[in-house]
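There are 2 protein chains.
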Amino acid sequence: MGQFAIGIDGGGTSCRAAVINGTGQVLGTGKAGAANILSDLENSLINIVAAARHALTSAGLDPEQVYKLPAVIGTAGANVGSYGKRVEGALPFASSRVVTDATIALQGALGDADGIIGAFGTGSVYNARRDGVSWGIGGWGFVIGDQASGARLGRDLLERALLAHDRVAATSPLTNAIMAEYGNDPERVVEFAHASKPKDFGRYAPIVFDYAGMNDPVAIDIVKTAAKAITESLDALLWPECPSICLLGGLAQAYRPWLDARHKALLAEPKGDVLRGAVELAAKLLRDGKGSWA
Amino acid sequence: MGQFAIGIDGGGTSCRAAVINGTGQVLGTGKAGAANILSDLENSLINIVAAARHALTSAGLDPEQVYKLPAVIGTAGANVGSYGKRVEGALPFASSRVVTDATIALQGALGDADGIIGAFGTGSVYNARRDGVSWGIGGWGFVIGDQASGARLGRDLLERALLAHDRVAATSPLTNAIMAEYGNDPERVVEFAHASKPKDFGRYAPIVFDYAGMNDPVAIDIVKTAAKAITESLDALLWPECPSICLLGGLAQAYRPWLDARHKALLAEPKGDVLRGAVELAAKLLRDGKGSWA
Numbered sequence: 001m002g003q004f005a006i007g008i009d010g011g012g013t014s015c016r017a018a019v020i021n022g023t024g025q026v027l028g029t030g031k032a033g034a035a036n037i038l039s040d041l042e043n044s045l046i047n048i049v050a051a052a053r054h055a056l057t058s059a060g061l062d063p064e065q066v067y068k069l070p071a072v073i074g075t076a077g078a079n080v081g082s083y084g085k086r087v088e089g090a091l092p093f094a095s096s097r098v099v100t101d102a103t104i105a106l107q108g109a110l111g112d113a114d115g116i117i118g119a120f121g122t123g124s125v126y127n128a129r130r131d132g133v134s135w136g137i138g139g140w141g142f143v144i145g146d147q148a149s150g151a152r153l154g155r156d157l158l159e160r161a162l163l164a165h166d167r168v169a170a171t172s173p174l175t176n177a178i179m180a181e182y183g184n185d186p187e188r189v190v191e192f193a194h195a196s197k198p199k200d201f202g203r204y205a206p207i208v209f210d211y212a213g214m215n216d217p218v219a220i221d222i223v224k225t226a227a228k229a230i231t232e233s234l235d236a237l238l239w240p241e242c243p244s245i246c247l248l249g250g251l252a253q254a255y256r257p258w259l260d261a262r263h264k265a266l267l268a269e270p271k272g273d274v275l276r277g278a279v280e281l282a283a284k285l286l287r288d289g290k291g292s293w294a
Numbered sequence: 001m002g003q004f005a006i007g008i009d010g011g012g013t014s015c016r017a018a019v020i021n022g023t024g025q026v027l028g029t030g031k032a033g034a035a036n037i038l039s040d041l042e043n044s045l046i047n048i049v050a051a052a053r054h055a056l057t058s059a060g061l062d063p064e065q066v067y068k069l070p071a072v073i074g075t076a077g078a079n080v081g082s083y084g085k086r087v088e089g090a091l092p093f094a095s096s097r098v099v100t101d102a103t104i105a106l107q108g109a110l111g112d113a114d115g116i117i118g119a120f121g122t123g124s125v126y127n128a129r130r131d132g133v134s135w136g137i138g139g140w141g142f143v144i145g146d147q148a149s150g151a152r153l154g155r156d157l158l159e160r161a162l163l164a165h166d167r168v169a170a171t172s173p174l175t176n177a178i179m180a181e182y183g184n185d186p187e188r189v190v191e192f193a194h195a196s197k198p199k200d201f202g203r204y205a206p207i208v209f210d211y212a213g214m215n216d217p218v219a220i221d222i223v224k225t226a227a228k229a230i231t232e233s234l235d236a237l238l239w240p241e242c243p244s245i246c247l248l249g250g251l252a253q254a255y256r257p258w259l260d261a262r263h264k265a266l267l268a269e270p271k272g273d274v275l276r277g278a279v280e281l282a283a284k285l286l287r288d289g290k291g292s293w294a
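Top to bottom, those sequences are chains X and A. For the first sequence, full-length UniProt numbering begins at 1 and goes up steadily by one. For the second sequence, full-length UniProt numbering begins at 1 and goes up steadily by one.
There could be a bad hint or two in this list.
[Stated by the list, open to error] Among the chain X residues that face chain A by a calculated CB cut under 10 angstroms, a handful are:
no., residue
1, GLY81
2, TRP140
3, LEU157
4, LEU158
5, ALA193
Bear in mind the hints are in silico, worked out from the structure with no lab data behind them. Please read these numbers as outputs of a predicted model, since none were measured by experiment. Where is the CB? At the ideal position from N, CA and C, for every residue including glycine.
Turn these sequences into a full structure, and let the hints guide you.
Quick look at the structure:
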């Protein structure tokens, strides 16, 4: 095996890369644009490589080394059809291993231990590793999935605001604040909803938690509905000896107080982030050659 | 006032027109393509006029009479911004009155009486008339509204099917049937959801009712959630002396057994359909000149 390897978090907002040496030490990091291999394969490839080159430069190495080093890339969609293999085939690294974003998140949070992770950002998804075997649930997206996502919290909020406007459901300080934001014009709320992407809805998530903390009944109801979805998903994954549950993502802290006591008792801080997970898998690749951790 | 008038139901699937004489008798009817004034004003205008011309021909009258006769057009979006006025200004009739689809639906179902209508098709919307004053709630669309629509029933079903697939919620014959339809591949369900419009989701509504009738627990839960939304909306509109509630739309019959007993007791058959409503308003226009029923 060679001297260096590259670990890459190919994320939907940006790509981050780290160069490591044979002992797993990070020598340099780099960043580039987004990787969305399902929707924009070409730019994803460009950004993955750019992040790696920046990491090499930051480590004081020649960026042309990308052609000589092995790399591990974690990115959403790697398990969809042939996308992962296509990315592996198209990348210029000496050898490439493309795994899902969940695989590097799990490795980052748990290291080599068993456990469960739940990630709550614009979307929501769960993964578990038991006796070294990992699997996941959720993450099916905004329209018919992601029940505990920021996007769902925001969508539920706007729906509740319109029901309150129609006097079908009770108003609250939060529904009043939302309607005021749109000049008390339901048509403008609908216009926003039809023009918006999940991340636009997700911007309302912190407000929902803020108002829930101030005992707003509608906010509490929305958060409790999402927390119930988390409870049901964790219960679907949990086994008696499961050592820990790690919550990841921008809403992880906000959800903590709302979780079921059985799950709270298992909460642990993640050991590291997703890039850390990619780095650890790259170190394994450097150490063992072809890893068996896909 | 003249001898004839035209009533037009400018619907999102097709336009239907009827020519009436001074006594309100329908002399002929005609049909043409869709009117969606918010999304396609130009073709809406073409189709409204085409339906009217066909109605005149069917009545044995000269289609060029469109320039000489008054017309009442009911169409969705007539109350949004200046759309209604723009349509009135652009139509070639001797005089045009553009009202909402709800106005002609209410007139068709209730005639001149007070009461409530609830329309359940791809969307869901409610209107009421009390002491001659009408108002409406709901109808805010697929993303954050239309809780009792066919589209929402279908969306809820696919969401429940994925939760069952993940073993987060119980499976049922219905969730099994849905997953089998997509080759037990959740990615394919997600793909459908992301590529689909409300009417595509709405195609699952009859299946949900069928399975609910066969005691499928998931189907019953989905229908009960929608029926609860109907109950809450009707309660928001209802007043003590309200004489009747009419259910309209493709799902009206299917919802009947699921309604609250208080509302069931008030159910009445609609007197006529939406075109009937447009015809009645056209007759008023012919009789009274400028009507005050907008």
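Quick rundown of the hints versus the structure:
1. Residue-level restraint check for X/GLY81 holds (minimum Cβ-Cβ distance to chain A is 8 angstroms; threshold 10 angstroms).
2. Residue-level restraint check for X/TRP140 holds (minimum Cβ-Cβ distance to chain A is 5 angstroms; threshold 10 angstroms).
3. A least Cβ separation of about 9 angstroms between X/LEU157 and chain A falls short of the 10 angstroms threshold, and the interface hint therefore holds.
4. The interface hint given for X/LEU158 is met, as the beta carbon of that residue sits about 5 angstroms from the closest beta carbon of chain A, less than 10 angstroms.
5. Look at X/ALA193: its Cβ gets to within about 4 angstroms of chain A, closer than 10 angstroms, so that hint holds up.
The structure fails none of the hints (numbered hints given earlier).
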